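> Could you put the whole structure together from the sequences, leaning on the hints where they help?
The letter at position 355 of the sequence shown is residue 515 when you use this note's numbering, and the numbering goes up by one with no holes.
No wet-lab data here; the hints were simulated from the structure.
This one's a predicted model, so the numbers in the text were calculated from it and none came from an experiment.
Treat the hints with caution; some may be incorrect.
Stated by the list, open to error - 27 Å max Cα-Cα, derived DSS-like pairs, lysine-lysine:
1. 770 x 696
2. 221 x 240
3. 601 x 639
4. 240 x 224
5. 644 x 601
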Amino acid sequence: MKRFLTLVALAMATLPLGAQTRLITTDGIAFTDGRDTLRTPAEGLWSVATGWENDWPADWKHAKPESVETSGEWTIVRGKLRLPQGELKLQDAYSPTPDGMIHCVRRYEWRGKETLHQATLSVRLQRRGTGLSLFVPGIVYYGNSNGASVNPEAVPVWTGAPGEFAVFEDHRYPMPFVMLEDASALRALAVHTVPSPVRGAVLSDQWWSLGAEAHEDCTEIVMYSGPIGYNGRHSVAKARQKQAMRYADTWLDLEPGRIIEKEFYIDIYGISRKGTGFQKPLYSSLDRYEPYDAERFPGFSEIVKGKARFAASRWLEYENVCGFDMYDPRSPRKHIVMGWCGQADSPGYSLQVLEPLLSAGSSWSADAVHDRVQRSLDFLTGCKWLEDGLFCVRYKCDSGQWDEGDPVSCGQAMYNFAKAIEYARKHPGTYDTSKWEAFLKEACNKTADRILSRDWNPASTAEAFYIAPLAIASRLFGKARYRKAAEKAAGLFAERHLDMDGCYWGGTLDATCEDKEGAWAAFQGFLECYERFGSKQYLDWAKHAMDVCLSYVAVWDIPLPAGRLADRSFKSTGWTVVSPQNQHLDVYGVLFAPEVCRMGRLLGDERLVKLSKVMYRTCYQLTDAWGSQGEQVQHTNFAQQGDMSNVYKLRGGYSENWTVFWITAHFLNAAARFVEAGEDI
Numbered sequence: 161m162k163r164f165l166t167l168v169a170l171a172m173a174t175l176p177l178g179a180q181t182r183l184i185t186t187d188g189i190a191f192t193d194g195r196d197t198l199r200t201p202a203e204g205l206w207s208v209a210t211g212w213e214n215d216w217p218a219d220w221k222h223a224k225p226e227s228v229e230t231s232g233e234w235t236i237v238r239g240k241l242r243l244p245q246g247e248l249k250l251q252d253a254y255s256p257t258p259d260g261m262i263h264c265v266r267r268y269e270w271r272g273k274e275t276l277h278q279a280t281l282s283v284r285l286q287r288r289g290t291g292l293s294l295f296v297p298g299i300v301y302y303g304n305s306n307g308a309s310v311n312p313e314a315v316p317v318w319t320g321a322p323g324e325f326a327v328f329e330d331h332r333y334p335m336p337f338v339m340l341e342d343a344s345a346l347r348a349l350a351v352h353t354v355p356s357p358v359r360g361a362v363l364s365d366q367w368w369s370l371g372a373e374a375h376e377d378c379t380e381i382v383m384y385s386g387p388i389g390y391n392g393r394h395s396v397a398k399a400r401q402k403q404a405m406r407y408a409d410t411w412l413d414l415e416p417g418r419i420i421e422k423e424f425y426i427d428i429y430g431i432s433r434k435g436t437g438f439q440k441p442l443y444s445s446l447d448r449y450e451p452y453d454a455e456r457f458p459g460f461s462e463i464v465k466g467k468a469r470f471a472a473s474r475w476l477e478y479e480n481v482c483g484f485d486m487y488d489p490r491s492p493r494k495h496i497v498m499g500w501c502g503q504a505d506s507p508g509y510s511l512q513v514l515e516p517l518l519s520a521g522s523s524w525s526a527d528a529v530h531d532r533v534q535r536s537l538d539f540l541t542g543c544k545w546l547e548d549g550l551f552c553v554r555y556k557c558d559s560g561q562w563d564e565g566d567p568v569s570c571g572q573a574m575y576n577f578a579k580a581i582e583y584a585r586k587h588p589g590t591y592d593t594s595k596w597e598a599f600l601k602e603a604c605n606k607t608a609d610r611i612l613s614r615d616w617n618p619a620s621t622a623e624a625f626y627i628a629p630l631a632i633a634s635r636l637f638g639k640a641r642y643r644k645a646a647e648k649a650a651g652l653f654a655e656r657h658l659d660m661d662g663c664y665w666g667g668t669l670d671a672t673c674e675d676k677e678g679a680w681a682a683f684q685g686f687l688e689c690y691e692r693f694g695s696k697q698y699l700d701w702a703k704h705a706m707d708v709c710l711s712y713v714a715v716w717d718i719p720l721p722a723g724r725l726a727d728r729s730f731k732s733t734g735w736t737v738v739s740p741q742n743q744h745l746d747v748y749g750v751l752f753a754p755e756v757c758r759m760g761r762l763l764g765d766e767r768l769v770k771l772s773k774v775m776y777r778t779c780y781q782l783t784d785a786w787g788s789q790g791e792q793v794q795h796t797n798f799a800q801q802g803d804m805s806n807v808y809k810l811r812g813g814y815s816e817n818w819t820v821f822w823i824t825a826h827f828l829n830a831a832a833r834f835v836e837a838g839e840d841i
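Below, the structure is given as structure tokens:
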């Protein structure tokens, strides 16, 4: 039996009722809420490596507590690690927080007379059991099982089997926490880190890392002073879209007198059902960082007028062709594309709503708005129909041919047609919607036929983009069949994803994994079903899908090395990670910001209302004098374009040449929905 140190009762008494209890033992420390326990390893409270072999720390040394004292609400535990080169003083300080967590500050002080080379510092916290589900915001979604089924090399994978590990750089995290869920026991735990670079690092931009490791009898949440790795490979970074890159030799050289601290928070809690363990730490992360200051970013009017001005530069017009070009006017490609990257259908809705704003002091007159809304949507209704209810979404101006079609693009186009018709009906006589309505009815008829067939079995969450337009169209045209299809689709995706056995995925066309677009498709669809049909279950489902979307949102300003982003004093708060496969930031969060705001109103959660405004306004950063913006912001060791040969030079870069039209269209579309909702952002 373990022998408890003195002052155990006093240490416990410092904690408020209901918070995690600390039990200090000769081996280390255990944290428990009375039902579940997170403890430090049996070999010692502190573990420090003093060597490096096979791309990973080696020659581990361990130390146990030697003394404990209290100071107010803090409990301070001290120890020493005696090495041939000298002494490493060790100290942990623990204190309860008002929100029921344990705040921890770990301190290392090198007292040797010479530099301690190849050192690796760590924090290790163990929970008994294997096969636990892992959630790492923006990176690992309950193991990334859907992405793993398609291409396990393209995404980090976790099953919880002994020997697995998934450890990533602090600066990769949009929300810096790791969560483990034990669904069988309805228990979960999370560790929140305070991200930081490390002094004494061999690399010039070396940060602490955070992640998890699975062992034979336990699962461990770990923090290291640099080492990273995943998918069975040590010292690699998720640096390319489909592959890792070696990121090695991440040790420290500690000079005499060097002090390093690592700060983190521990939370242990119960959950109501499987697949919900990630939600509590998500909101704890929001509460910790409070990313709600929208006033430090460009204003709403500036954004709308700037994006509308840039949209005007993408207008194409030939004899019988007109619409918004997906590409830069200087590009040889002249493509009018509906949905996804093209969004040529989007201004047909958004410009209607924003016309009063645009005609007052911008390059858009009321006549220009009317003309381009009417003719652009009319032109798109002439697209070619494909099999399975799909329609062609791309018109190639050079060949005069329509081609391509997919559920993501078709669903998004149908949504914008539905919104354009709905808004035009509120202003009778302004637009002739006859072609729009005929097109949307045909699309809904074909889509409903497929969804209501017995053999409908969508491959991914991509077809959730059909839910919202079907729900709206059911009201526009009084078609109960559209509602039936929308509700069947909503029910299927809820059944598939609410327990997170497979997270929302497949909403992007250049990745095959879990992604925020897949979650957004479900979020939008569930919320639209609630708004149109009223059942509270849809609101509950929307909350779950929204929270997955929000886990991709950066809640902190990630410090950046010299580069294009640092040149512009870029602030990452409110931007979104794309997916576990495409690990850069983008402006996509602006598109679902209005729905986040709406959920805040429905749930009475002012945090969501404030966050939505930040999500919209922050993403106008990096817009140049022409109103142009690139798609890929490299906040971590990852890139998709440019020189990708040196992993140590990727972070801080910015790919500003991929300026497809969605980057503009989504700002205007979201602005229109904010305006329709009467929100002042």
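> Work down the list of hints and note, for each, if the structure agrees.
Hint check results:
no.: 1; hint: 770 x 696; verdict: 24 Å, holds
no.: 2; hint: 221 x 240; verdict: 11 Å, holds
no.: 3; hint: 601 x 639; verdict: 10 Å, holds
no.: 4; hint: 240 x 224; verdict: 8 Å, holds
no.: 5; hint: 644 x 601; verdict: 15 Å, holds
Comparing the model with each earlier hint shows no violations; every hint is respected.
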